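Fit chains U, E, Z, H and R to the given chain Y structure using the hints.
There are 6 protein chains.
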Amino acid sequence: MRSRYTDYIREDIGSGDVTSELLVPPRRRASGRIIAEEQCVLAGAVEAFSVFEELGAEATEVVKEGTRAEKGDVVMTVKGSARALLSGERLALNFLMRMSGIATLTNDLLHRCRKINPKVRIAATRKTTPGFRQFEKRAVSIGGGDTHRFGLDDAILIKDNHIAIAGGIREALRSARQAASFTKKIEIEVGTVDDALTAVEEGADIIMLDNLAPEEGEKVAREVRSANPMTVIEVSGGIRPDNIEAYASFADIISLGWLTHSVRSIDFSMDIVPE
Amino acid sequence: MRSRYTDYIREDIGSGDVTSELLVPPRRRASGRIIAEEQCVLAGAVEAFSVFEELGAEATEVVKEGTRAEKGDVVMTVKGSARALLSGERLALNFLMRMSGIATLTNDLLHRCRKINPKVRIAATRKTTPGFRQFEKRAVSIGGGDTHRFGLDDAILIKDNHIAIAGGIREALRSARQAASFTKKIEIEVGTVDDALTAVEEGADIIMLDNLAPEEGEKVAREVRSANPMTVIEVSGGIRPDNIEAYASFADIISLGWLTHSVRSIDFSMDIVPE
Amino acid sequence: MRSRYTDYIREDIGSGDVTSELLVPPRRRASGRIIAEEQCVLAGAVEAFSVFEELGAEATEVVKEGTRAEKGDVVMTVKGSARALLSGERLALNFLMRMSGIATLTNDLLHRCRKINPKVRIAATRKTTPGFRQFEKRAVSIGGGDTHRFGLDDAILIKDNHIAIAGGIREALRSARQAASFTKKIEIEVGTVDDALTAVEEGADIIMLDNLAPEEGEKVAREVRSANPMTVIEVSGGIRPDNIEAYASFADIISLGWLTHSVRSIDFSMDIVPE
Amino acid sequence: MRSRYTDYIREDIGSGDVTSELLVPPRRRASGRIIAEEQCVLAGAVEAFSVFEELGAEATEVVKEGTRAEKGDVVMTVKGSARALLSGERLALNFLMRMSGIATLTNDLLHRCRKINPKVRIAATRKTTPGFRQFEKRAVSIGGGDTHRFGLDDAILIKDNHIAIAGGIREALRSARQAASFTKKIEIEVGTVDDALTAVEEGADIIMLDNLAPEEGEKVAREVRSANPMTVIEVSGGIRPDNIEAYASFADIISLGWLTHSVRSIDFSMDIVPE
Amino acid sequence: MRSRYTDYIREDIGSGDVTSELLVPPRRRASGRIIAEEQCVLAGAVEAFSVFEELGAEATEVVKEGTRAEKGDVVMTVKGSARALLSGERLALNFLMRMSGIATLTNDLLHRCRKINPKVRIAATRKTTPGFRQFEKRAVSIGGGDTHRFGLDDAILIKDNHIAIAGGIREALRSARQAASFTKKIEIEVGTVDDALTAVEEGADIIMLDNLAPEEGEKVAREVRSANPMTVIEVSGGIRPDNIEAYASFADIISLGWLTHSVRSIDFSMDIVPE
Amino acid sequence: MRSRYTDYIREDIGSGDVTSELLVPPRRRASGRIIAEEQCVLAGAVEAFSVFEELGAEATEVVKEGTRAEKGDVVMTVKGSARALLSGERLALNFLMRMSGIATLTNDLLHRCRKINPKVRIAATRKTTPGFRQFEKRAVSIGGGDTHRFGLDDAILIKDNHIAIAGGIREALRSARQAASFTKKIEIEVGTVDDALTAVEEGADIIMLDNLAPEEGEKVAREVRSANPMTVIEVSGGIRPDNIEAYASFADIISLGWLTHSVRSIDFSMDIVPE
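Residue numbers (the working numbering), protein chains in the order written: chain Y, 8 to 282; chain U, 8 to 282; chain E, 8 to 282; chain Z, 8 to 282; chain H, 8 to 282; chain R, 8 to 282.
Warning: the hint list may mix true and false statements.
Note that identical chains are pooled: a pair holds if it fits in a single copy or bridges any two copies.
Said to hold, decoys possible - Taking lysine-lysine and the DSS-like style, the derived pairs with C-alpha atoms no more than 30 Å apart in a straight line are:
#1 Lys86 / Lys166
#2 Lys226 / Lys71
#3 Lys126 / Lys71
#4 Lys78 / Lys166
#5 Lys71 / Lys86
#6 Lys126 / Lys166
#7 Lys226 / Lys86
#8 Lys126 / Lys86
#9 Lys78 / Lys122
#10 Lys126 / Lys226
Just so you know, the hints here were simulated from the structure itself, not pulled from any lab data.
The model shown is predicted, which means the values in this text are computed figures rather than measured ones.
Just chain Y, same shape as in the assembly (with noise of 0.2 Å):
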């Protein structure tokens, strides 16, 4: 793990902080605070910490993440050499914005939704920065929500071009159940109760709705639950934070790709003291 944080350094450092080291003598020590700028539920403080360990210097826990700090909370503290936490700080901090604005929509959304539901989960997609998915399918957890399959080589999940190819649902799933490890779920997305019905015939673990409006969503759901109750149901498609209460009430997973690629980042500074 350690050597990813190093090219996350070395993407921000290039040949040398220029800066610091023109102007902050080598041994001169420092301390810093990491404060919330608004109220969050806060997650990255493990690559925070791992960002300043990598530097040589020495974070120390506030706030644990996966707790709400408040507007003007300090979350963490750091001490070490002044070069480190000037070189260091503004990448723990991408990491605290973007991974707490991830967190704290995931969480919120899941309240509003559990409100209709109890058990209903929040999920993210694939739709995810390039050569970032672990970090946020890491903070939709940490904000209570799912993290969905990480890559394609993680579950099956049988699309409309996939079904196209195999030439129906029925001989994609049955090519897949025979093939597939039995290792993985198999997931296939449909669009109309009868395609719903056979997936479930067919032995389906999860039956993905997508792009449906609620009102149809809710009433496949229902077919399907008569069906087979034990068959998992997943909406997605066109999701966002100002529809989602719609699919709460009948779907046992809503996902959403809004949760890592138009998420709002939260704001955290970095008070840096030389000793």
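Just chains U, E, Z, H and R, lined up with the frame of chain Y:
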């Protein structure tokens, strides 16, 4: 560069795209079209091309990066093995969505500010997603913005923490001018008219007004310009799409983290048709 | 993927193939044939192709992966610079030997067990050579086996150490079902009928009978099936080519590390003829 | 080296050890013991140590590499976070199993052959698992064997293909002696007494008798020794545990791929006890 | 950074330091002293420290980087395992030899030129050893020189080829000023007084006089200074230790590739004493 | 190999060749010629080719590596996008300059020494630039020199520190002969006639006379040859272009670090003409 895309593809595919391997014959060929689901300034097409190329498929430009695509426009087409198209789809779209989101917002803000001050520049900051900065900066540039520093090695930027350690603005600038390479510009953050004038006197190339209200900023800017009309004036801190125009009249450069940390993605989709 | 082969080639060539550089003119061209020295199910051909391609030579398939080659069969031919053929020979053969060894054994065991139970699956484990797992799993798959988990991120598999820490089978399964992503199957290791029935009750998708003698295993399997016929039953631990058939009648899945950790390689040779 | 282990750990853990993350509290500590399930010459302990160290746990040697462990012996103990132990278990055992399998077989063959010829050496070949050669060669060495060449850059070894291209044994050896670095030994493969004597005349340091039956080999060896008693004689090709002793009386070196490509792993297990 | 040293160590050690492994017991400890065999400005000590640290040994500074060491001075001491000292010796010395060579020459030239013009700077170029630039630039800096650009991303430097393509000096500078980030300085290469004056007019920050004889250079410099005293004047091309002083009186910056591409190394040796 | 060039290109280009991106249209094509500015033995052309190939341009050989180029000779031509040529120029020249410098000096020294002793070899050492050894050794080889060991894994070379720890020359050589692979030569450093004769007795393949004055060296060499005419004699230590001929009459091998650590680069330039 190529190796970079290998890593991104590996992030999504992991040990294998199990669904496509089960359902899509290895030699089956297909063609695809990528469609903008909303109006936007297109960015990320070069990256999407590289994803497909890395997977052995061939993409063709329809809309040029940096130009507007309308809702429903096909922005590029792809041909190759069906597996390659299915495996590369999500990653290619992830590049397009995020980068076009950034380019579109940058371009919108630039147009709004240029109506007020035809010479003003909109610039990004280092508040970027770890590991993804080069793409976010490139998207800003495609949208007509200024990339600002790529990292800490790019230019001297003296912030309050540096000033405190160096013992004052005058001392910090003198040290910097003496020790920095002659190839680097020197920028300094100031908060008052006095500090700004000291900075001009000591030869700062750029003055950054950090977190000043527009009226205050304007006042400092006026004094700086009368002291040295060549000094570049940047405003930064707390600038958002909803307050940016208040800074446009008096600044040379308006920089805002929002462009890269809180942007909403543009929606794209991909149609795949087996041959 | 390409970069992977570069590393393998570098492992064998180091600072240079000194013999070929001394004795083979750089532009001398040659052709080669790879021959199976014993009957086998061919695997590793894709990797052998990649080795030669990476070195700038061109390989042509004669025998398809997954089919039987007889002793003496040419399985592929290669054309290119004599140096490339000589430098790639050992590495290409190393892939073929080990992977065909695995595929052949997997296939043999599968045939023997399917005579007893036409639905049984033979699966690999994570007892693989460090760094080489993807190839060993692929060879199992080519031989008709099930790859099982690729790694610890692939599915939930609760072993006795986890159960001890979680405070019992019931507690472990409840925690797992609540916190795991809905995309993951949950498997648990059990040793007695009671534990197996508790696991079924708590919704385990797969029950692993670890290190049970065939008679005991059969008894547990019978009880599990009468409690829930959908639960998948895997046997594992202490299974070898010489005792595997005793498990075939009652298990859904037989997994054995032997496939990847104690397999005998198949012998291949390569003829090179300078043009 | 450290980075190497990071890669191996990543191969097994991927995006996370989901089971342990769900069921084992992050600060829970545990201790573990690794036990040999059969008699063996221990190898791979240094690698197992590195795996646990990389994960932040601490291992303590009980049995020294290169010495015999009896069935049931604890070979090392480990202390650390329960998650680290659970996540590192499989990888550490995979190193021990394969490397101890190789060291044990090497040692057994060496003892058998030394009874016949107390000066004979048993050597590995380049028939190793791609990417894993350094560990397999090290295991051979721990078992008392000779590592032979690590790669194509290590020594000159002229095979029939090289001879054919160079235009004969005499020509090949002359070119090699003239152009090779003075730091390299020169070995050549021969099949007849005449070729062997030519090679001796042209100053080959080592003669390799490839795929000769024992009686033929012995005859060639006798002639070579009477021509130049300093020339080293290696036999190779088709040598297996069941026919190796036939070569021991007359060869200096017996090399066989079997040591690394067809070895049976030694069984080890790990007990983990939460504190 | 650490990973970088791992690569350098691997370059020298490859599959193992066979001599030390054969002759030095693994736990044998030793201490060492590194001695300057000629007078020099010490550079590369930080790198030498990192080499030993990476190998688990501990180095202690005796002479500070950037100060003069006399012939026979111990510049650092090392303690650790004898194998670590023997394995790291050559690499540590290679850093010291080359980097001290560069720092010493830079410092000598600087002193000679500063006698003529106390404000002149001596700068490196991009004529560095591939892969080793950061160290060579750092050595220049330790010697009192200016690093100049680290790479093509560091500053705008418009050369004749660019001017030809852009259609003239005026056009090139206008395009550059309009499109370049405001954080970058703009430098342009000129050969005549007219071109230089055009460049000044168009706002070039730095004028590079390439390959001009000293008298010509001086004439251009005089005109540039009278047009704009703020413009920085760099001379480059064909400058060697034996002609550099001819440029010192009129240039702000003298850059020469010689510092990094033709420097003579300083001789260092290492004593190792087993404990 | 390709990946290696990607790293070198990234070292020079960083986040982008800002000048060319500003001033050169992306599809503008150009051709270039690389010219030797002094007489030399050409080396580094393969590397220069790889640089341009990696950037998508195409280079054509004019002068062959290892042959003499005269001042003013075009040594290769290049065609491709103007940006690729401009971005690759410096790196390609850096390879050519340093490697041709090494090849030329090696060749000159070889010619001078061969006049005295037609069988003597000139060899490099491990005193190379960290990370760049393979290229420097290759340049020595192109110039007609012997590469000597590529690293510590290449051959046994017993130095005084090893002898001290092993307890004497006799003990060190016995241990080495017993434990080293039969594929390795054994070399030992000696300083007196007695030590040299002990080394010969104990079967050293090569005797290195370190830091001996020519007369002393000659005396030791005479004794060694009369004891065993097959033993190879290398002289090393303190050898420079100005004293090398004094060793040529009696040594088999003369090795000197100067070839790689203190060589003067050969000057090359590149003309670029837009099409």
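Structure-based check of all given hints:
Taking the closest pair of Cα atoms, Lys86 and Lys166 come within 30 Å of each other only across two copies (19 Å); inside a single copy the shortest separation is 50 Å, beyond that limit. For a Cα distance limit of 30 Å, the shortest separation of Lys226 from Lys71 qualifies neither inside one copy, at 42 Å, nor across copies, at 43 Å. Taking the closest pair of Cα atoms, Lys126 and Lys71 come within 30 Å of each other only inside a single copy of the chain (25 Å); across copies the shortest separation is 46 Å, beyond that limit. For the identical chains of this complex, Lys78 and Lys166 are inter-copy neighbours only, at 24 Å across copies versus 43 Å inside a copy, given an alpha-carbon limit of 30 Å.
In the homo-oligomer, the alpha carbons of Lys71 and Lys86 lie at most 30 Å apart both inside one protomer (18 Å) and across protomers (26 Å), since each shortest distance falls under that limit. Both within a single protomer and between protomers do Lys126 and Lys166 lie at most 30 Å apart by alpha-carbon distance, with minima of 26 Å and 27 Å respectively. For the identical chains of this complex, Lys226 and Lys86 are neighbours neither inside a copy (58 Å) nor across copies (38 Å), given an alpha-carbon limit of 30 Å. In this assembly of identical chains, Lys126 and Lys86 lie within 30 Å of each other by CA distance neither inside one copy nor across copies; the values are 43 Å within and 39 Å between.
For the homomeric pair Lys78 and Lys122, the shortest alpha-carbon distance inside one copy (26 Å) is at most 30 Å, but the shortest distance between copies (36 Å) is not. In this assembly of identical chains, Lys126 and Lys226 lie within 30 Å of each other by CA distance solely inside one copy; the values are 19 Å within and 37 Å between copies.
The structure fails hints 2, 7, 8 (numbered hints given earlier, in ascending order).
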